[in-house]
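Novice: Spelled out, the chains give:
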Amino acid sequence: MFTNLAQKLRHYFIPHESNNYRARSLHNSAIVFYILIIVIFHLSMNIMKQLKPNILGYATDITIEKILSLVNKKRVENNLQPLSLSDQLDIAATAKGNDMFSKNYWAHISPTGTTPWSFINASGYSYVYAGENLARNFNTADEVIEAWMNSPSHKANILKPEYKDIGLAIINGNLNGEDTTLVVQEFGTPSKSTVAEIIPNTPKDLSNANDRKQLVQVQIPENQLGANEVSINKSPIYLPKVNKTFSLIFAEFMLVVLFIDSLYLWKFKTQRLSGHSLAHIIFLGALIGAMGATGIGVIL
Amino acid sequence: MKKDTHFHILHYLVLIVILLSAVVAFFALAGNHRMQFQVAIMTSFIYFLWGVVHHHLEGDLHPKIVVEYLLVALLAVFLLQGTIFR
Numbered sequence: 001m002f003t004n005l006a007q008k009l010r011h012y013f014i015p016h017e018s019n020n021y022r023a024r025s026l027h028n029s030a031i032v033f034y035i036l037i038i039v040i041f042h043l044s045m046n047i048m049k050q051l052k053p054n055i056l057g058y059a060t061d062i063t064i065e066k067i068l069s070l071v072n073k074k075r076v077e078n079n080l081q082p083l084s085l086s087d088q089l090d091i092a093a094t095a096k097g098n099d100m101f102s103k104n105y106w107a108h109i110s111p112t113g114t115t116p117w118s119f120i121n122a123s124g125y126s127y128v129y130a131g132e133n134l135a136r137n138f139n140t141a142d143e144v145i146e147a148w149m150n151s152p153s154h155k156a157n158i159l160k161p162e163y164k165d166i167g168l169a170i171i172n173g174n175l176n177g178e179d180t181t182l183v184v185q186e187f188g189t190p191s192k193s194t195v196a197e198i199i200p201n202t203p204k205d206l207s208n209a210n211d212r213k214q215l216v217q218v219q220i221p222e223n224q225l226g227a228n229e230v231s232i233n234k235s236p237i238y239l240p241k242v243n244k245t246f247s248l249i250f251a252e253f254m255l256v257v258l259f260i261d262s263l264y265l266w267k268f269k270t271q272r273l274s275g276h277s278l279a280h281i282i283f284l285g286a287l288i289g290a291m292g293a294t295g296i297g298v299i300l
Numbered sequence: 301m302k303k304d305t306h307f308h309i310l311h312y313l314v315l316i317v318i319l320l321s322a323v324v325a326f327f328a329l330a331g332n333h334r335m336q337f338q339v340a341i342m343t344s345f346i347y348f349l350w351g352v353v354h355h356h357l358e359g360d361l362h363p364k365i366v367v368e369y370l371l372v373a374l375l376a377v378f379l380l381q382g383t384i385f386r
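If you read the protein sequences in the order shown, they are chains L and A. Using our numbering, the letters of the first sequence map in sequence onto residues 1 to 300. Using our numbering, the letters of the second sequence map in sequence onto residues 301 to 386.
If you're looking for bench data, these hints aren't it; they were derived computationally from the structure. Keep in mind that the hints are not guaranteed to be accurate.
Unchecked claim - If you only want the chain L side, here are some residues facing chain A, beta carbon under 10 Å, derived: (1) Asn-28; (2) Thr-63; (3) Pro-82; (4) Leu-85; (5) Asn-176; (6) Leu-263; (7) Leu-265; (8) Trp-266; (9) His-276; (10) Gly-285; (11) Ala-286; (12) Ile-296.
Said to hold, decoys possible - Away from chain A, derived, C-beta distances all over 10 Å, residues of chain L: (13) Gln-7; (14) Leu-9; (15) Tyr-12; (16) Gln-50; (17) Phe-101; (18) Ser-118; (19) Ser-126; (20) Lys-160; (21) Pro-161; (22) Glu-178; (23) Ile-260; (24) Ser-262; (25) Tyr-264; (26) Thr-270; (27) Gly-292.
Remember, predicted model here, so these are calculated numbers, not experimental data. Note that CB positions come from ideal geometry on N, CA and C, so glycine has one too.
Turn these sequences into a full structure, and let the hints guide you.
Specialist: Written out as structure tokens, the structure reads:
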């Protein structure tokens with residue numbers, strides 16, 4: 001039995017007479033088989049995601065509580081007062097996020113010219129200072145905060161002493177044909193007059209480009225979520241991570257088999273008609289390097 | 301033999317430069333998933349061409365080898381597609 005197993009392993013992974021001196025797992029038919037497996041895997045994941053969005057979904061670690069906690073931690077570290085979660089700014093952030101998904105844009109100002117301040121005004125929040133920060137496609141709340149803190153303009157918003165309130169929204173949806181976890185953060189300083197009808201159209205502070213880049217996060221109530229919007233906390237498995245892990249394992253498997261093949265060729269100087277395993281190794285090495293640049297979130 | 305070695309070193313250097321440029325482009329385009337995917341397709345195609353040209357100049361080009369490079373290039377595209385798009 002063990003002899004049989006050893007023969008099979010040799011046949012599949014080591015160049016030998018039985019496989020025409022090319023590991024069976026590197027034959028063209030085997031590579032076609034791998035491609036089919038990958039295609040079927042991706043299709044299955046996408047179908048699972050549609051059918052069971054609470055099993056395979058979006059980012060699992062980004063919550064309003066975590067973002068708020070991390071923002072206030074940064075403020076306290078810089079001797080600033082923590083921000084209070086404002087229901088009105090939450091509504092403004094939610095409206096902004098929903099507007100981005102419905103009109104399919106990634107910008108502070110919508111294609112129809114709607115500014116962030118319009119959403120804040122519409123929520124009834126009367127302000128003297130306001131700002132907005134946006135983020136998408138991050139895996140964790142820590143990564144979101146780290147990205148903002150590494151950007152001078154976003155950092156300036158988070159650490160602006162004048163701000164008192166914050167609104168947050170974390171929405172899942174499809175933006176530009178891509179499943180996206182969107183984080184919207186709205187900051188505000190309430191005006192002394194709390195009369196909602198008196199709304200400054202152009203607060204003096206808003207002329208500052210940095211302030212316009214502030215990210216506001218708004219919490220979206222469950223009953224306001226659309227069909228393609230899923231609460232992040234409900235997703236125990238994060239699909240992009242599953243896909244990336246699968247691709248990495250596959251590429252590394254290929255690298256190992258190719259490495260064994262190269263070693264064999266180098267040792268026995270075997271002549272055969274095939275592509276160069278060393279070239280494939282370099283190509284797959286670059287592929288793994290490129291994978292490091294995927295799944296990275298962006299801020300605005 | 302020496303000429304043969306130089307031939308291989310030159311070709312592999314070209315390949316490494318192409319692939320390194322592609323990886324740098326990938327990082328520069330982080331967040332722009334469509335552009336990343338276009339770079340992935342283009343790089344895979346260039347790798348396929350590199351394989352064909354290399355074996356042609358080496359004098360051992362065979363349809364089986366052409367198919368092998370094509371399949372490896374396709375495999376890379378499908379693997380990257382899964383990590384680029386969510």
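Novice: Work down the list of hints and note, for each, if the structure agrees.
Specialist: Hints versus structure:
{"no.": "1", "hint": "Asn-28", "in the structure": "holds (5 Å)"}
{"no.": "2", "hint": "Thr-63", "in the structure": "violated (19 Å)"}
{"no.": "3", "hint": "Pro-82", "in the structure": "violated (30 Å)"}
{"no.": "4", "hint": "Leu-85", "in the structure": "violated (28 Å)"}
{"no.": "5", "hint": "Asn-176", "in the structure": "holds (8 Å)"}
{"no.": "6", "hint": "Leu-263", "in the structure": "violated (18 Å)"}
{"no.": "7", "hint": "Leu-265", "in the structure": "violated (14 Å)"}
{"no.": "8", "hint": "Trp-266", "in the structure": "violated (13 Å)"}
{"no.": "9", "hint": "His-276", "in the structure": "holds (8 Å)"}
{"no.": "10", "hint": "Gly-285", "in the structure": "holds (8 Å)"}
{"no.": "11", "hint": "Ala-286", "in the structure": "holds (4 Å)"}
{"no.": "12", "hint": "Ile-296", "in the structure": "holds (4 Å)"}
{"no.": "13", "hint": "Gln-7", "in the structure": "holds (25 Å)"}
{"no.": "14", "hint": "Leu-9", "in the structure": "holds (22 Å)"}
{"no.": "15", "hint": "Tyr-12", "in the structure": "holds (17 Å)"}
{"no.": "16", "hint": "Gln-50", "in the structure": "holds (13 Å)"}
{"no.": "17", "hint": "Phe-101", "in the structure": "holds (14 Å)"}
{"no.": "18", "hint": "Ser-118", "in the structure": "holds (26 Å)"}
{"no.": "19", "hint": "Ser-126", "in the structure": "holds (35 Å)"}
{"no.": "20", "hint": "Lys-160", "in the structure": "holds (25 Å)"}
{"no.": "21", "hint": "Pro-161", "in the structure": "holds (30 Å)"}
{"no.": "22", "hint": "Glu-178", "in the structure": "violated (6 Å)"}
{"no.": "23", "hint": "Ile-260", "in the structure": "holds (16 Å)"}
{"no.": "24", "hint": "Ser-262", "in the structure": "holds (13 Å)"}
{"no.": "25", "hint": "Tyr-264", "in the structure": "holds (17 Å)"}
{"no.": "26", "hint": "Thr-270", "in the structure": "holds (14 Å)"}
{"no.": "27", "hint": "Gly-292", "in the structure": "violated (8 Å)"}
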